[in-house]
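Visitor: Just so you know, the protein sequences line up as chains A and B, in that order.
Quick note on this note's numbering: the first sequence kicks off at 1 and runs consecutively.
Quick note on this note's numbering: the second sequence kicks off at 300 and runs consecutively.
Check before you lean on any hint, since a few could be wrong.
[What the hints assert, rightly or not] No more than 25 Å apart at the CA atoms, straight line, and that leaves these computed lysine to any residue pairs for SDA-like:
no., chain 1, residue 1, chain 2, residue 2
1, B, K563, B, R486
2, B, K662, B, V623
3, A, K235, A, W33
4, B, K555, A, K235
5, B, K511, A, L21
6, B, K353, A, G228
7, B, K353, B, D493
8, B, K505, A, R25
9, A, K244, A, G164
10, A, K59, B, Y531
11, A, K206, B, D529
12, B, K504, B, P522
13, B, K652, B, S665
14, B, K305, A, D52
15, B, K501, B, E485
16, B, K353, A, E101
17, B, K353, A, S282
18, B, K526, A, L203
19, B, K652, B, E442
20, A, K295, B, P522
21, B, K555, A, R28
22, A, K295, B, P304
23, B, K563, B, T498
24, B, K353, A, D287
25, A, K205, A, W33
26, B, K353, A, K205
27, A, K244, A, G204
28, A, K295, B, M394
29, B, K609, B, K511
Keep in mind the hints are simulated off the structure, nothing from the lab.
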Amino acid sequence: MSESLDLHLASVETSLDNPVLPFLRQDRIPHIWCPGCGIGTSVNCFCRALSDSGLDLDKVAIVSGIGCTGRTAGYLNLDSFHTTHGRAIPFATGLKLSNPELNVVVYSGDGDLFAIGGNHFFHAARRNMDILVICVNNFTYGMTGGQVAPTTPVGPTQTTMPYGNFENPFNLPFIADACGATYVSRWTIYHVRQLAKAMKEALGKKGFRFIEVMSPCPTLYSRRNRLGDGVDQVKYYKEKSVIKNGVDTKEVGLGYQGEIVVGKFVDRERPTWLESMNAHYSHHFGDAFQPYGVKNGQD
Amino acid sequence: MKADPKGVLTGVHFMDGDHAACEGALAAGCRFVAGYPITPSTEIVERFAARIPKVGGVFIQMEDELAASIAIQGGVWGGQKVMSVTSGPGLSLMMEHLGYAAMTETPSVWVDVQRGGPSTGLPTLPAQADMMQIKWGSHGDYEIIALSPNSPQECFDLMIKAFNLSEEYRCPVFLMMDEVVGHMTERVNIPSADQIDVTERKWTKKKPGEYKAFATTPEDLVPEMVKAGDGYRIHVTGLTHDERGYPAMDVPNQAKLIPRLLNKIRNNVHKLVDVRMDGCEDADVIVMSFGITSRVATAAIDAARAKGLKVGHLRLIICWPFPVALIQQLARTAKAFVVPELNMGQMVLEVRKALADVDRKVKVISVPHPGGTVHDPETILEQILEAAR
C-alpha cells in the first residue's frame with residue numbers, strides 16, 4: 001500500500017470521528033457547495049458552537065431562506081425549514097412565537113436577508129424578536145450566477161453590473177445595531193475559532209442577535225474579479241482583518257478588498273418581544289392574564 | 300374532539316361578519332394570528348388582538364402581508380392552529396406563500412374579505428372577484444378549498460369548518476368573505492363549546508426514526524404531522540421533496556409529489572360538496588350563486604316564481620373544489636343556468652366547463668357585475684326570464 005493511500009485512509013478514518021458529523025444529516029451529503037466556498041466552514045463552526053453550547057438539540061430549530069446559504073437548513077440534523085426567498089425571519093418569528101421553548105436560528109445569505117428580506121430584518125430587530133440570525137455574506141448572488149447584491153462593494157464586476165458595481169453597499173452590523181439588535185458581531189471564515197465562539201455566545205443570549213460571516217464565492221465573485229480561488233480570499237481575510245471589539249458600527253463598512261473590521265460590536269440587554277408582551281399584559285390585566293410561553297414562572 | 304371553552308364566546312350576539320369570523324377562529328382553536336391591516340378585513344384582526352390575551356395565544360401585526368402569510372406557517376410548525384386575514388392587494392402579496400403552504404402541506408386558514416379590484420380598486424366596497432386568484436394565483440399546480448359565507452352567522456360557522464378541513468386535508472383553506480358580509484351586522488348564535496366539533500391536527504403516533512414527514516399510503520394521501528421541538532428533526536422545504544422531506548428535484552419525485560398534492564383533494568371532491576339547494580329538482584332555470592350575491596338572488600328567484608316560473612337556487616358553500624358532478628346531474632333536467640356574481644364572470648366558467656361533457660344543450664347565462672355594490676335583483680330577474688324563454 002502506498003504511503004499516499006495510507007494517508008488518505010487515515011484521513012477518512014479521522015473524518016468518521018469528526019465531531020461535527022452528528023450535527024449533519026449524513027444521508028444528505030455530498031452538499032451542493034463549490035470547492036473553496038466558505039459556507040461549509042461556517043456550518044462547521046456552527047456545529048462546534050452547538051456542540052459546546054450544551055443546548056438540547058431537539059429544541060433548536062433552523063430556518064433558511066433561498067440561495068446557497070439557504071441550503072444550510074437542509075444539511076443540519078435539527079428541525080429545519082427551508083422557506084421562501086427573503087422570508088426566513090418572519091417564518092422564524094411565527095415558529096418562535098407559537099413554540100417559545102425553541103431556540104430558533106435563521107441561517108441565510110446576504111441577498112436573501114438584506115435585499116428581498118431586508119424589511120423583515122429591520123422589523124424583527126426593532127421588535128427584539130428572540131432569534132439568532134447568521135448571515136453568510138459572500139457579496140453576490142451565488143445560486144443564480146453572480147448578480148450584484150446589496151452588499152457588493154463599489155468596483156467589482158457582477159453579471160448584472162458588467163462594467164463594475166457603482167451602487168453603495170449596506171454596512172450590515174450598522175443596520176443591525178441601529179435597528180436594536182442585542183448582539184452584533186462579524187467574523188470571516190478565516191476566524192474559525194472566534195466564529196464558533198461567537199456563535200456559541202450568541203446561542204446562549206436572548207433577543208435579536210446577528211452574526212455576519214464573510215465568506216468567499218470563488219466560482220462567481222472571486223473568479224470574475226480575478227481574486228484567485230477560495231484560499232486566496234482566506235489569505236486576504238487573514239492579512240486585512242483587524243479585530244476591534246466594541247467599535248462603533250458606523251465605522252465597520254466594507255470596501256472592495258479593503259480592511260475588514262471584525263469582532264464583537266454590540267452586546268446589550270433588552271426585553272424580547274414576548275417578554276414585553278407578557279409584562280405589558282400582566283400589568284394591564286393583572287392576575288387575569290396567564291403569561292404566554294412561560295413554564296414554572298421562568299421564561 | 301370538542302372546542303376548548305376558553306375560546307368560545309357562547310351566547311346570542313349582534314355582531315358583524317368580521318367579528319363573527321374572528322369568534323369562529325377562536326372557537327376552532329386558532330391561537331396564533333399574524334396579520335397586516337387592510338380594509339375591509341381589519342376588524343377581524345383587531346378583534347383577535349383584543350381577545351387573544353384573555354384566551355391565551357399570540358397576535359402579531361407584521362410588517363407586510365408577505366411576512367404575515369409566512370409567519371403563520373412558522374406558527375403551524377411550532378404547533379398552533381393559525382389564520383391570516385387580508386383583502387385586495389394583500390391577497391396578491393400572499394400568493395407565493397399560498398404555494399408554500401400547499402407544497403409543504405401546512406394546514407392554515409386564509410381569510411379574504413373581498414373588495415373591488417384590480418389594484419387598490421374599491422377598498423371599502425364589495426366584490427367577489429378573487430375567486431380565480433385563490434385557485435390559480437400561486438405558480439405551479441396546487442389545490443385549495445374555499446368556502447363562501449353569506450351572513451355573519453355563516454362567517455362563524457364556516458370559519459370552524461375551514462379550520463377543520465385544513466387539518467383534515469393539510470392544505471390552505473380560504474374563507475371567501477366580501478365587504479358586505481364582513482360589515483353586515485346580524486344575530487349570531489354561538490353555541491357552547493361541547494356543541495362545537497373541532498378537528499385535531501393529524502399528529503403521528505410513530506416514533507422518531509420510524510416517522511417520515513411526507514410519507515402517505517395509497518388509501519390516505521394526507522401525511523401525518525409533527526411539530527418542531529418534539530425530537531423528530533424534520534426537514535420542510537418548498538422544493539420538490541421526497542417522503543423524508545428532503546429536496547429531490549427530479550422528474551420521478553415531481554411526478555409522485557404533485558399528483559398526490561392534487562389528488563388528496565380531487566379524490567375527495569364528492570365529500571367536499573357543500574351546497575344549499577332550493578327547488579332545483581324540477582327547475583327549468585337554476586340560479587347558481589355564492590356569498591352575498593345569494594341573498595340578492597333569492598329576491599330575484601322569488602319574483603320569478605311569482606310569475607309562475609320553475610326556478611331553483613343552487614348556493615355554493617364550498618366553491619373550491621367546484622361541484623362538477625352536481626352541476627352535470629342538475630343539467631339532466633334543467634334548461635338553463637343563470638350565474639350572478641360580483642365579478643365579470645369567474646365561477647360561471649366552471650359551470651360552462653362542467654357542461655362541456657353534457658350531451659344536452661343547456662344554456663348558461665352570466666350575470667356579471669364590476670363590483671362596488673351588490674346586483675340589483677331586477678338585473679338577475681331579467682336574466683332568469685331570458686333563460687326561461
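Visitor: What hint numbers does the structure not satisfy?
Guide: Checked against the structure, the hints that fail are numbers 1, 4, 6, 9, 14, 15, 20, 25, 26, 28, 29, while the rest are satisfied.
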